[in-house]
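Engineer: Those sequence lines, one after another, are chains A and B. Position 322, counted from 1, in the first sequence is what our numbering calls 322; the numbers after and before it change by one each time, with no gaps. Position 39, counted from 1, in the second sequence is what our numbering calls 39; the numbers after and before it change by one each time, with no gaps.
Please keep in mind that the hints were generated in silico from the structure rather than gathered at the bench.
Here chain A is said to cover these stretches of chain B; the calculated rule only asks that three of the stretch's residues, wherever they fall, bring their Cβ under 8 Å from a Cβ of chain A: (1) 69-80; (2) 106-117.
Derived contacts from chain A toward chain B, CB cut-off under 8 Å, selection only: (3) 4; (4) 19; (5) 22; (6) 27; (7) 231; (8) 232; (9) 236; (10) 239; (11) 395.
Examples of chain B residues lying across from chain A (beta carbon under 7 Å, computed): (12) 92; (13) 95; (14) 122.
Backbone N, C-alpha and C fix where the C-beta goes; we use that ideal spot for every residue, glycine too.
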Amino acid sequence: MTGVRFRTALAAIRSFVRVFARQIVGDRVTLFFLVVLPVVVITVIGLTFGSAGSSFDIGYVRTDDDGLPGRLIERLDDADGVGVVAFEDAADLRAAVRRQTVALGLEFADDVDARLAAGEPAITVVAEASAQSAQGALDVVRAAVAAELGPDDAARFAASLTGTSFETAEQVASTVAGALPPLDVAVTDVGEQRDESLSEFALTAPQNLVLFVFINAMAGGAALVRMRRRGVLRRVMAGPVSATDIVLGVTAAWFLVSLMQSALIMAVGAIAFDVSWGDPVGAFLLAVVFAAVGAGAGLLVGAVGGDEDRVSSISPPVGIVLGALGGCMVPLEIFPDAMRTVSRFVPQSWAMTGWERLVFDGEGVSAIVGPLAVLAGFAAVFVGLAVVALHRDLRSG
Amino acid sequence: MSGTDQREHSGAPVPGTAPSLPLLRCDGLVRRFGERTAVDGVSFHISAGETYGLLGPNGAGKTTTISMIAGILRPDGGRVELDGRRVDAHDPEAKRSLGLVPQEIALFDDLSAEENLRFFGSLQGLRGADLRARVAATLELVGLSDRAKDRISEFSGGMQRRANIAVGLLHRPRLLVLDEPTAGVDPQSRNQILESIEQLRAEGMAVLYTTHYMEEAERLCDRVGIIDRGRIVAEGTRRELVAQIGEHDRLVVRADGPLDAFAATVGTLAGVREVHVGTGSIDVVVDDAASTLAAVVDAATSDHVVVTGIEVREPNLEAVFLHLTGTALRDRGD
Ligand SMILES: Nc1ncnc2c1ncn2[C@@H]1O[C@H](COP(=O)(O)OP(=O)(O)OP(=O)(O)O)[C@@H](O)[C@H]1O
Ligand SMILES: [Mg+2]
Numbered sequence: 001m002t003g004v005r006f007r008t009a010l011a012a013i014r015s016f017v018r019v020f021a022r023q024i025v026g027d028r029v030t031l032f033f034l035v036v037l038p039v040v041v042i043t044v045i046g047l048t049f050g051s052a053g054s055s056f057d058i059g060y061v062r063t064d065d066d067g068l069p070g071r072l073i074e075r076l077d078d079a080d081g082v083g084v085v086a087f088e089d090a091a092d093l094r095a096a097v098r099r100q101t102v103a104l105g106l107e108f109a110d111d112v113d114a115r116l117a118a119g120e121p122a123i124t125v126v127a128e129a130s131a132q133s134a135q136g137a138l139d140v141v142r143a144a145v146a147a148e149l150g151p152d153d154a155a156r157f158a159a160s161l162t163g164t165s166f167e168t169a170e171q172v173a174s175t176v177a178g179a180l181p182p183l184d185v186a187v188t189d190v191g192e193q194r195d196e197s198l199s200e201f202a203l204t205a206p207q208n209l210v211l212f213v214f215i216n217a218m219a220g221g222a223a224l225v226r227m228r229r230r231g232v233l234r235r236v237m238a239g240p241v242s243a244t245d246i247v248l249g250v251t252a253a254w255f256l257v258s259l260m261q262s263a264l265i266m267a268v269g270a271i272a273f274d275v276s277w278g279d280p281v282g283a284f285l286l287a288v289v290f291a292a293v294g295a296g297a298g299l300l301v302g303a304v305g306g307d308e309d310r311v312s313s314i315s316p317p318v319g320i321v322l323g324a325l326g327g328c329m330v331p332l333e334i335f336p337d338a339m340r341t342v343s344r345f346v347p348q349s350w351a352m353t354g355w356e357r358l359v360f361d362g363e364g365v366s367a368i369v370g371p372l373a374v375l376a377g378f379a380a381v382f383v384g385l386a387v388v389a390l391h392r393d394l395r396s397g
Numbered sequence: 001m002s003g004t005d006q007r008e009h010s011g012a013p014v015p016g017t018a019p020s021l022p023l024l025r026c027d028g029l030v031r032r033f034g035e036r037t038a039v040d041g042v043s044f045h046i047s048a049g050e051t052y053g054l055l056g057p058n059g060a061g062k063t064t065t066i067s068m069i070a071g072i073l074r075p076d077g078g079r080v081e082l083d084g085r086r087v088d089a090h091d092p093e094a095k096r097s098l099g100l101v102p103q104e105i106a107l108f109d110d111l112s113a114e115e116n117l118r119f120f121g122s123l124q125g126l127r128g129a130d131l132r133a134r135v136a137a138t139l140e141l142v143g144l145s146d147r148a149k150d151r152i153s154e155f156s157g158g159m160q161r162r163a164n165i166a167v168g169l170l171h172r173p174r175l176l177v178l179d180e181p182t183a184g185v186d187p188q189s190r191n192q193i194l195e196s197i198e199q200l201r202a203e204g205m206a207v208l209y210t211t212h213y214m215e216e217a218e219r220l221c222d223r224v225g226i227i228d229r230g231r232i233v234a235e236g237t238r239r240e241l242v243a244q245i246g247e248h249d250r251l252v253v254r255a256d257g258p259l260d261a262f263a264a265t266v267g268t269l270a271g272v273r274e275v276h277v278g279t280g281s282i283d284v285v286v287d288d289a290a291s292t293l294a295a296v297v298d299a300a301t302s303d304h305v306v307v308t309g310i311e312v313r314e315p316n317l318e319a320v321f322l323h324l325t326g327t328a329l330r331d332r333g334d
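Taking the hints into account, I'd like the entire structure generated from these sequences.
Structural biologist: Below is the structure:
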């Protein structure tokens with residue numbers, strides 16, 4: 001009896017997986033959104049980002065000091081091809097530098113002018129030493145400091161560099177030192193274990209992975225709405241399967257489609273664009289749990305949606321907004337505090353935090369346990385609500 | 001043509017099922033939607049190999065009854081037994097002997113007929129060569145073999161109906177439940193559908209057939225239940241139903257010769273209830289027109305009467321329905 005039930009449930013899962021796969025392969029539009037678009041977007045954004053050497057942003061920790069810091073920022077802002085971005089605190093700034101959202105970061109001491117007068121380090125330059133744009137940005141900052149302070153005071157300008165390896169940081173620092181003698185250089189190694197530089201694609205690939213997996217999974221809910229509307233699900237119920245088998249089958253099918261899309265994006269990223277997804281176990285777990293979140297969202301939309309066209313047209317904008325809130329468009333570290341609080345209610349932000357730790361910080365599974373747990377919670381809530389809604393729908397006639 | 005006219009089923013009997021048990025038994029089924037009671041104490045049974053028609057107007061509760069039989073809707077009262085096994089949410093296995101053809105085209109319209117059949121077949125536990133063979137045979141039966149690879153969305157309405165039926169038949173259920181399978185199709189497709197059902201019936205499959213077309217119920221069904229406002233108001237063979245309202249078949253025989261003598265002879269025949277002599281014709285009230293007709297013609301020959309024409313008047317289910325409910329069957333057109 002239990003054996004028969006188990007086999008029927010398996011048959012249901014297999015049948016739904018096969019039929020969804022068949023529907024996707026047969027539908028060019030879906031196939032395009034699922035496979036072609038993410039790859040194209042990663043390519044285009046990666047190439048744009050990679051060739052942005054001629055113009056870049058310099059980040060700084062927000063300050064009220066309208067002495068040297070204020071004048072320096074103004075001067076940098078006026079420079080051609082240079083933008084300035086304010087950050088709330090040093091941690092955000094460093095995160096942005098690491099993911100190369102900004103080419104370079106400036107941290108000002110509390111009383112810059114007094115420290116300069118006393119010959120103490122007053123400004124810390126945070127740079128990703130291996131980044132191509134860091135060198136150019138450093139030149140611009142050096143020129144601005146020199147123009148503000150005059151050559152003598154500029155000599156007391158202290159740079160603190162963060163980098164992938166102690167040697168490269170030191171090398172960049174000594175270039176600066178050579179240009180501004182005598183320069184007091186403090187090199188800070190913030191302890192990254194990553195030993196290779198990030199490709200330009202690596203920066204946007206996780207964002208696109210999270211963005212597209214969610215959008216497509218949600219839009220996939222339209223297929224479920226269609227099955228409900230056309231009575232296919234109810235008809236399945238007339239066979240030797242229980243409502244639970246059906247829900248299991250549909251959920252499994254959705255999950256596998258999401259997982260396959262994740263695998264595809266990750267494989268294309270790794271093979272064609274040299275993207276490193278970080279610790280393999282961590283990357284696998286994160287991809288699996290987020291695929292479950294996407295599948296849950298798709299199921300939920302499919303279970304409560306009344307109109308398949310509305311579901312498929314509303315999913316991309318909603319997915320984009322959620323993606324933006326979750327850090328898939330602009331990185332979380334440049335969000336103001338309030339926005340960042342809001343973003344914690346969006347699963348994408350947890351996925352992005354996970355990928356940041358794996359890809360940018362080079363950390364392992366232990367560093368993403370929190371995000372994994374939160375994402376698993378999101379998946380459980382979505383799937384749970386969808387199951388209740390589906391059961392109710394199947395039983396209402 | 002009666003409820004006792006049972007045919008052997010080709011499938012193996014289910015172990016533990018006494019042969020005397022009906023294949024389907026519905027007992028006091030009740031289903032409410034909010035304030036409205038859609039099905040209000042429906043009971044009937046179908047024996048193996050029997051064709052039972054549920055005849056009723058729009059909104060009578062036909063689909064709701066069928067949904068409870070198929071385990072899709074949970075009854076608010078009463079029970080359904082298939083093969084002696086209660087149909088409920090916890091025992092989906094009970095539904096193995098049932099094939100459902102819903103009123104709507106419940107198919108994936110972006111997949112081919114064959115792919116649809118494979119999907120539903122695999123849910124029934126069919127696999128591999130067995131599944132392939134069943135798919136091919138079923139498409140053949142409903143006349144869609146040459147369109148097997150075409151998408152359902154490219155089918156005509158009638159072809160979609162036939163594909164819809166094919167899914168219900170695929171696993172060779174002992175009971176096929178069809179919910180208005182001919183709604184909205186042209187006469188040719190309708191005939192094709194009715195012929196396939198007649199063929200299945202001849203092979204011994206029991207059929208539950210809902211319709212609001214009287215002709216279909218009369219043509220296909222061994223017994224008919226007339227359902228109105230959620231209740232079965234009458235049940236039986238067509239003849240039983242007609243008799244129940246005091247109506248009988250009539251033969252109007254136009255003839256030349258000694259009509260009084262002829263009428264007297266006819267009056268002695270078995271199954272003849274009354275004979276009236278008119279001018280140039282006699283009017284015979286009989287139990288069953290078909291079985292009495294030959295005897296009447298024989299009587300004419302022996303009485304030297306020349307028959308110039310015979311008109312058979314069989315009161316139909318429409319009359320029964322009108323009598324029982326006070327309304328005509330609504331929405332009889334396409
Ligand atoms: N899901 C539902 N929610 C609310 N009311 C319903 C639902 N399904 C059916 N009903 C109501 O129950 C009654 C019986 O409907 P049902 O569909 O069983 O009729 P039917 O005999 O199949 O009619 P038709 O010939 O039009 O198909 C109708 O009044 C209908 O409005
Ligand atoms: Mg109906």
